[in-house]
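**Student:** Whole structure, please, built from the sequences with the hints as guidance.
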Amino acid sequence: MTFEPPRLGPGAIYLRSLDGLFRSHADLIKVAEIEPQSLWTKGTAPGSLPRGSPGELRHLQALPQTILTHGVGCPIGGTICDQARQVPQFRAWTEALNAPWTSEHLSIFHVRGPSGEQPCGFLMPPLQTEAGVSLAARNITRRAAALGKPFAFETGVNYFAPRSCEMPDGEFFRAVAEAADCGILLDLTNLWANHKNGRAEIHDVLVRLPFERVWEVHLAGLEFAHGHWLDAHSNGIDDELVDIASDVVADLPNLGAIIFEIAPDRIDRFGERNLLLEMEKVHLLWDRARGAARCTSNTKVSARQALAEPATLSPEDWERMLANRMLQSGGPLPVSTEQLELRRSDERAFSLYLQLVASFRRGAVAELMENTTRLLLLGMGESELRWLMDRYVAATPPVAFPTDEALSFRRFLEENPLAIPGLEDLSKFESTLIAAAADGGSMQVELSKDIDAMLDEIAMGRLPGPSTDRPGTVLEIAVDPVPVVRMIH
Numbered sequence: 001m002t003f004e005p006p007r008l009g010p011g012a013i014y015l016r017s018l019d020g021l022f023r024s025h026a027d028l029i030k031v032a033e034i035e036p037q038s039l040w041t042k043g044t045a046p047g048s049l050p051r052g053s054p055g056e057l058r059h060l061q062a063l064p065q066t067i068l069t070h071g072v073g074c075p076i077g078g079t080i081c082d083q084a085r086q087v088p089q090f091r092a093w094t095e096a097l098n099a100p101w102t103s104e105h106l107s108i109f110h111v112r113g114p115s116g117e118q119p120c121g122f123l124m125p126p127l128q129t130e131a132g133v134s135l136a137a138r139n140i141t142r143r144a145a146a147l148g149k150p151f152a153f154e155t156g157v158n159y160f161a162p163r164s165c166e167m168p169d170g171e172f173f174r175a176v177a178e179a180a181d182c183g184i185l186l187d188l189t190n191l192w193a194n195h196k197n198g199r200a201e202i203h204d205v206l207v208r209l210p211f212e213r214v215w216e217v218h219l220a221g222l223e224f225a226h227g228h229w230l231d232a233h234s235n236g237i238d239d240e241l242v243d244i245a246s247d248v249v250a251d252l253p254n255l256g257a258i259i260f261e262i263a264p265d266r267i268d269r270f271g272e273r274n275l276l277l278e279m280e281k282v283h284l285l286w287d288r289a290r291g292a293a294r295c296t297s298n299t300k301v302s303a304r305q306a307l308a309e310p311a312t313l314s315p316e317d318w319e320r321m322l323a324n325r326m327l328q329s330g331g332p333l334p335v336s337t338e339q340l341e342l343r344r345s346d347e348r349a350f351s352l353y354l355q356l357v358a359s360f361r362r363g364a365v366a367e368l369m370e371n372t373t374r375l376l377l378l379g380m381g382e383s384e385l386r387w388l389m390d391r392y393v394a395a396t397p398p399v400a401f402p403t404d405e406a407l408s409f410r411r412f413l414e415e416n417p418l419a420i421p422g423l424e425d426l427s428k429f430e431s432t433l434i435a436a437a438a439d440g441g442s443m444q445v446e447l448s449k450d451i452d453a454m455l456d457e458i459a460m461g462r463l464p465g466p467s468t469d470r471p472g473t474v475l476e477i478a479v480d481p482v483p484v485v486r487m488i489h
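Numbered continuously in the working numbering, the sequence shown closes out at residue 489.
Don't read these hints as lab results, they were simulated from the structure.
As the structure is a prediction and not an experimental result, all values here were calculated from the model.
Incorrect hints may appear among the rest.
To be verified - Taking lysine-lysine pairs in the DSSO-like style, the calculated list, with each CA pair at most 30 Å apart, reads: (1) Lys-42 / Lys-149; (2) Lys-428 / Lys-42; (3) Lys-196 / Lys-281.
Unchecked claim - Just the calculated beta-carbon pair ranges, DEER-fashion: (4) Glu-446 / Arg-269: 33 to 41 Å; (5) Arg-58 / Arg-273: 27 to 35 Å; (6) Gln-83 / Phe-360: 22 to 30 Å; (7) Gln-83 / Gly-465: 53 to 61 Å; (8) Ile-488 / Ser-134: 24 to 32 Å.
Heads up, the beta-carbon is just placed ideally off N, CA and C, and yes, glycines get one too.
**Tutor:** Encoded structure:
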């Protein structure tokens, strides 16, 4: 590996809601890490590809920070690894934003289910065997060539207990990096979650990594929920992790950036002031990192620790097992080799992953169909609404994009009508708004209610009454980039 990443400095994950903060604090936030897929929309037609707005891309090009791109939709750990559908646009954005390198998760997102290739709803860990190393290395080599940029993979969180046939975490990461001759995005928060959940002692993982291949470090806050420490990007960095990071970054000779992460649904509660305080911590860590001497990578493959058992499970078998547990199906998919016996810890891990998937899906509906959700809460109460959302999640498969999730929920409401005043009209209005934004055009919708009057009633905590009736109302809706609603009649 001949790439020597430039020393960019401390930065943060870019969020639309923080755009002004990035532009006004370029002295504190030196790097903006863009997650392109989080800013794209996907059309409603079958087979539509996600796309980004040229206007938003130009807006991002004007940021005062150096920009990195980080993938969140096409992980490189599985047998299903998109190298064609989203990659061309991701490359175009990476080139337009002049990112010196790019990165993606060493995870699995799509599996083969009863309906063919399906998203399983959450980034899942790959099987850490020699076959898993070879698979990931092939995917990375192809992805790096398709993107035309130096490539790093992110070290992931893993809520499963280690299997006797698997390589230790640090050894697996090292083997993938050496086989693919690529960089590493060292997510210390993921390793910290694995440590606190009892999977792998963080210092044992770190000592096995090829530090000269680490180009970037991610840091964020953990959250304890469902009996586990979760990589939720929910708050500030743990003090103990800051101490660990301080020691680690001083030994990373080719470190190019340290990035703080906060989730978009947590920033309102966390606050901009607290984010700036976290950036001051990241600056202090960067000062520690600047003393590390440059060195080139040693591309010689290191000796591997002998495994307790031979790998009788293939990556394909592992993914079939993931599909069995993560997807709603008519029956289990056969595992072609020796049947995997699930341990109690596996059952607990799958229970957690399914809860996380359900939480993300409910969150997407609540965010994109906010007023419909408020009306359901008024009409049903909290416990009944929770029951309804559980029914929806159980009855429908997960999807890759939030807009698809919201439109899927609208179809579920059509198939399972509820006697709540105004629900049909409001859900129809909000789903049309979503579809217009996704398709980039204008759409018409016929309603029997006055939307403004309904929203006023809901805002006051009341169900819409007869005063909101307006039969035969036709609205034209467009989103470019903000919603424009015009009454036709």
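**Student:** Honestly, do Arg-58 and Arg-273 meet the 27 to 35 Å range at C-beta?
**Tutor:** Given about 30 Å between the Cβ atoms, the range holds.
**Student:** Looking only at beta-carbon atoms, does the pair Gln-83, Phe-360 fall within the given range of 22 to 30 Å?
**Tutor:** holds (25 Å)
**Student:** Tell me if the straight-line CA distance from Lys-428 to Lys-42 falls inside 30 Å.
**Tutor:** holds (19 Å)
**Student:** What's the verdict on Lys-42 and Lys-149, does the C-alpha distance respect the 30 Å limit or exceed it?
**Tutor:** Given that 30 Å is the threshold and the Cα spacing comes to 25 Å, the pair holds.
**Student:** Has the hinted range 53 to 61 Å been met by the Cβ atoms of Gln-83 and Gly-465?
**Tutor:** With Cβ atoms ~55 Å apart, the hint holds.
**Student:** Quick one, are Lys-196 and Lys-281 close enough, alpha carbons at most 30 Å?
**Tutor:** Holds. Lys-196 to Lys-281 sits at ~22 Å (cutoff 30 Å).
**Student:** Honestly, do Glu-446 and Arg-269 meet the 33 to 41 Å range at C-beta?
**Tutor:** holds (39 Å)
**Student:** Given a hint of 24 to 32 Å, does the C-beta separation of Ile-488 and Ser-134 actually sit inside it?
**Tutor:** Because 59 Å falls outside the window, the suggested range is violated.
Going down the numbered hints, you'll see the structure goes against just number 8.
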